[in-house]
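**Q** Construct all of the structure, not just a fragment, from the sequences and the given hints.
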Amino acid sequence: MKRYKARFGGAIGEALLDRKQAILVIAADRLLEIARYSRDEEHFDLLVDLTAVDWPKREKRFDLVLNLYSLRKNERLRIKALLGENEPVATVESVWPTANWLEREVYDMFGIVFEGHSNLKRLLLPEAWQGHPLRKDYDILQQDEAWVRENLGIESGQ
Amino acid sequence: MNAIMPYVFPVLFALVIVALLPLVAGYIVLVERKVMADMQVRLGPMRVGPHGLLQPIADAVKLLLKEDIIPESADKLLFWGAPLISVTAAMLALAALPIGPFFQIADLNIGLLYILGISSLGIFGIVLGGWASNSHYSLMGALRSAAQLVSYETSAGMAIVGALLLAGTLSTRGIVEAQSEAGWWFIFVAPVGFFIYLVASIAETNRAPFDMPEAESELVAGYMTEYSGFRWALYFLAEYTNMVVVASIAATLFLGGWMRPFANTRAFNFLDYLPPLLMLGVAGYCFRRAPKQPVAVQKMFMAAVGLLCIVLALILIMPLAVPRDSFLASSKAGIHGAFWFLFKVGVYIYVFMWLRFTFPRYRFDQLMRLGWQFLVPLSIVNVMGIGVSLALHRQLHWPNWVSFPLGVALTLIAGAFLLATGEKHEHPRVGDEEEEETPVHA
Amino acid sequence: MGTRKPGHRERTITGVADRYNAAGTNVETTVLGADEIILNMGPQHPSTHGVLRVKLRLDGEKVVGSECVIGYLHRGVEKIAEHRSYQQFAPYVDRMDYVAAVSNGLGYCEAVEKLMQVEAPPRARVIRTILTELQRIASHLFWLGTHALDIGALTPLFYCLREREEILKIFEKYCGARLTTHAFRIGGLQYEAYDELEKDTERFCKGFDKRVDEYESLLTENRIWVGRTKGIGILTADAAIAMGVTGPVLRASGVQWDIRKAMPYAAYDQYEFSIPTGQNGDTYDRYVVRLEEMRQSRKICLQAIENIPAGPILGKVGKVLKPPPGEVYHSIEAPKGELGYYIVSDGTTQPYRVRIRPPSLINLEALDQMIRGHLVADVVAVIGTLDIVLGEVDR
Amino acid sequence: MLDQVIFYFFAALAVVSAILVVTRRNAVQSAIFLVTALLATAGIFLSLNAEFLFIVQVILYAGGIMVLFVFVIMLVNLDVALHQVQFNRQWFVALIISAVLAAQVVAAIAVSRRSLYTMPAAPAESLEPNTERVAFYLFHTYMLPFEIASILLLVAMVGAVVMAKKRV
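Chains as they are written, first to last, in the working numbering: chain R, 1 to 158; chain Y, 1 to 442; chain E, 1 to 395; chain W, 1 to 168.
Derived from the structure by calculation, the hints contain no laboratory data.
You may find that some hints are simply not true.
[As the list claims (entries may be wrong)] With a straight-line cut-off of 30 Å between C-alpha atoms, the simulated DSS-like cross-links for lysine-lysine are:
1. E:K173 to E:K210
2. R:K20 to E:K319
3. R:K136 to E:K206
4. W:K165 to E:K230
5. R:K20 to E:K79
6. E:K62 to E:K79
7. W:K165 to E:K299
8. E:K114 to R:K57
9. R:K57 to R:K73
10. E:K322 to E:K114
11. R:K73 to E:K114
12. Y:K76 to Y:K299
13. R:K121 to E:K55
14. E:K230 to E:K299
15. Y:K299 to Y:K62
16. R:K60 to E:K210
[Stated by the list, open to error] Among the chain E residues that face chain Y by a calculated CB cut under 8 Å, a handful are:
17. A148
18. C175
19. W225
20. R228
21. K319
22. V320
23. L321
24. A377
[Claimed, not checked] Derived list of chain E stretches under chain R, where covered just means 3 residues or more per stretch with a C-beta under 8 Å from a C-beta of chain R:
25. 187 to 193
26. 361 to 368
Just so you know, these numbers come straight off a predicted model, no measurement behind them.
Backbone N, C-alpha and C define an ideal beta-carbon position, used for all residues, glycine too.
**A** Structure follows, in structure tokens:
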């Protein structure tokens, strides 16, 4: 934690321990730089998970969560970046190739656009689907009736 | 009228074979499923008839009633004709097989060559079937199986040439007589030839571990994908008939046709009593099991099977019990010969099934590499080996037991040498650097 | 579509068929002679272990490139989680990786316990370890059976399923269900261990070693099996780490890492077992690693059975769970790889966000890299060796 | 009497399938009819007890060459040729040639009926198994041409492999 603060100073929002797990909240635009730093110097060579959480009430609506793990030091680190409604963010695919599909899924579910991504398409839902299901304002019963009627021929949409 | 007379017996016998064949093929399928189940710790078909004995008939009826779907863009004429070609090719090959000394449709002077030639026509059926159904998958499957058949025919042919050198004649009857004169079965004289023929015949009938064309996991049943119902059954019948043909060639060529094992030595005459005893044993088993069958009709059917076995046993005992020189005694060779021939064919097919369930499937390029780079050269060396041993025996009058083992030894050395060099470039990876590869034993 | 005139129903279905191309029949095939063919191993393909569609770009027989189309089995598990209470969501977790349901349950329960900073009692932790290791053996058995079937060996499948049946019987006796067991509760166990649990597990483990030797005799020295798996689908160590691959696939590439050793959970720290690793990360090494893992799991079970501590089976957890706001990430070593749960709670009884890290999805991502340059038959072998379950990939 | 029936059956089959070969539009179907024509001629050989010739015809033509034909037709995908418009402007030239040909055939039949020296038909039984006879000539009296032919074939095969190698 202290090394990160020394290295990046302003960019680090807050560093806290929640249930004995290290969390770093950083500014979204420095994400790629911090990612490269943590892989090369800090040896977090395994991007375990990349996901997002939607807080509709806050103005910086999404926080992008990266879970890192260092094989050598056997340590975990969680980097969180706060993002606005349709604020694009740089892709970390160049740092960890595994981010390719993870970012596609976050785009699919939340609508966060990743600049520089090799082929940013929906991962799970069909391409023509409208709406991003995992957003809080997307009701659980809601469906893209237009697509369902046109492709599956189910009139009622249910 | 007398012009027709010589044709009556072969035509009659041919009709019997053509009628019996679907039944025999059906029961081979049943035996295969039972043996497969037995090897896999399960029971196999038990529901239709006692121990699933009526299963083939149930399958046949189902296949006949199934809707006969023809893909829209298929080439109608060829789609209809392809299975016919492969079935007729398979059945024609049966004509020259010496079931017993008397039971032979046509003792052609070129018996074996005839069988080889006709079975090579089978490729048309497969290739056209794949082309006519006009789907990408079946075309790939058809091309693959055609390539496989063509390449393994060469090694099978060479293996047969090896055995023909010993027999000296092409007519199947002649070969068996040659074996009975020599007192040795050719399998002991040319074991390498038998091994090559075994491998090549598996590949030729598209059976595992060489069943690439209808490999479920990739090509979804190869050239048979678009066929259904009766047409598919025709292809299946052709495959099993091919299997019978190939097994009977092996039996004639290497296992001494209709000869009883150790035919000439008097000490083993008790073997004559083996066939009837075997039949009696089966009959006893059926009768003991009959009352325990759940359904009444199954009981009756089991008893009927038992009866059938007893009748067979009687037929087999009859020539033995009757006094030596009467007319009936002479039919002994015929009936027993038939039994022994079918017994050997059965054993050979059992080996097919056994291999099918233990070995995973070869990838297509490995299959072709094995075919061309290992089997074909080995079979050529085998022919040379036999030639050398024959020459030693006939020209230099070396005793039998010296020259033939020498020939076999020579072939084995060459084989081992081939095997070692064959393993080097095993992996077809693109841009693959030369890995060190431990030579895996055969 | 046969000779009938396509009615309304058919028209739309053909629409779907075009979009989701059935196996092989209407394939966007360029003319055969051309250099590049796009071959569809469609959703209903016999060997894609579930509803996965791989669009292969072929040059003749060699694979030039591939693209996986997934999402057919997407049930929106994470969305449902936000509308269920913590206990209500537990059964959903079993439906994800339906081949190894017990370990999914273990991961989820331990994550929530970590969230609420509650410890499961020792007896519960030991029984959890036994059941999870049995589930790992069952999952590996199922993998071995189907993997061998894809490559053509028909017999191993039935041998493996025979053993798996024993394990499923133990699960059934313990919690009434064979596949989706929902055996654990947050804070401990649902049911007390039935009395002959130790005896059954011991009988199974005693006989199991001989069984694994049976599989070895069938496959390991089998020349065709070696020919079909050695040097196929090679994944070097650093390529594996870059692709975030975990579990047996990573260990087969030579990386010695197992969460049970690195961050022990449940009762793994009390037992002594080794982590098998391979050298050159090809299909054969993955096969050897998984086979060895089965033996190690058996060793753990035997050690665990000796002393199952007495005591309560449920920790101090109330009926209504209200974890303090905050977030936690907890992962366990599932048979397929690292199965992680990232749970964010806002203090109410329902989790605010549950993110499940699916090992199968991330392992599947490495597929494209592994099958380049191979033949179509090898693609099937590589999909098999990755041991993916589509329920987990699509969530 | 039966021999005549068989002979006429095979001859008719050969002629019909030969015609079909030419008239079919689909390349693969015409290849198949070519195979039936060849098999029909093989049948005629068989009815004359020339077993060796029968089997050589079957193996060589039907089993060997025609398989390659069908392979090539399938791989090269001749459907494209189907759509070109068929034209036969040179029908007049074709007419003249066929007329001349017909005249020659008629002349030959007329001459042979009168005095042409015809070979005495070999009695059926006297032909002992001709495989040995063929083999005898092949390997003893005509040893040299046999060797030259085999070398020629070898060269052809090696050439084919070398050419194919470049493309793979």
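**Q** Now tell me if each hint is right for this structure.
**A** Outcome of the hint check:
no., hint, result
1, E:K173 to E:K210, "holds, 24 Å"
2, R:K20 to E:K319, "holds, 26 Å"
3, R:K136 to E:K206, "violated, 52 Å"
4, W:K165 to E:K230, "holds, 27 Å"
5, R:K20 to E:K79, "holds, 27 Å"
6, E:K62 to E:K79, "violated, 41 Å"
7, W:K165 to E:K299, "violated, 55 Å"
8, E:K114 to R:K57, "holds, 27 Å"
9, R:K57 to R:K73, "violated, 38 Å"
10, E:K322 to E:K114, "holds, 13 Å"
11, R:K73 to E:K114, "holds, 22 Å"
12, Y:K76 to Y:K299, "violated, 46 Å"
13, R:K121 to E:K55, "holds, 16 Å"
14, E:K230 to E:K299, "holds, 28 Å"
15, Y:K299 to Y:K62, "holds, 24 Å"
16, R:K60 to E:K210, "violated, 60 Å"
17, A148, "holds, 7 Å"
18, C175, "violated, 27 Å"
19, W225, "holds, 5 Å"
20, R228, "holds, 6 Å"
21, K319, "violated, 47 Å"
22, V320, "violated, 50 Å"
23, L321, "violated, 46 Å"
24, A377, "holds, 5 Å"
25, 187 to 193, "violated (count 0)"
26, 361 to 368, "holds (count 3)"
Hint violations for this structure: numbers 3, 6, 7, 9, 12, 16, 18, 21, 22, 23, 25, all remaining hints satisfied.
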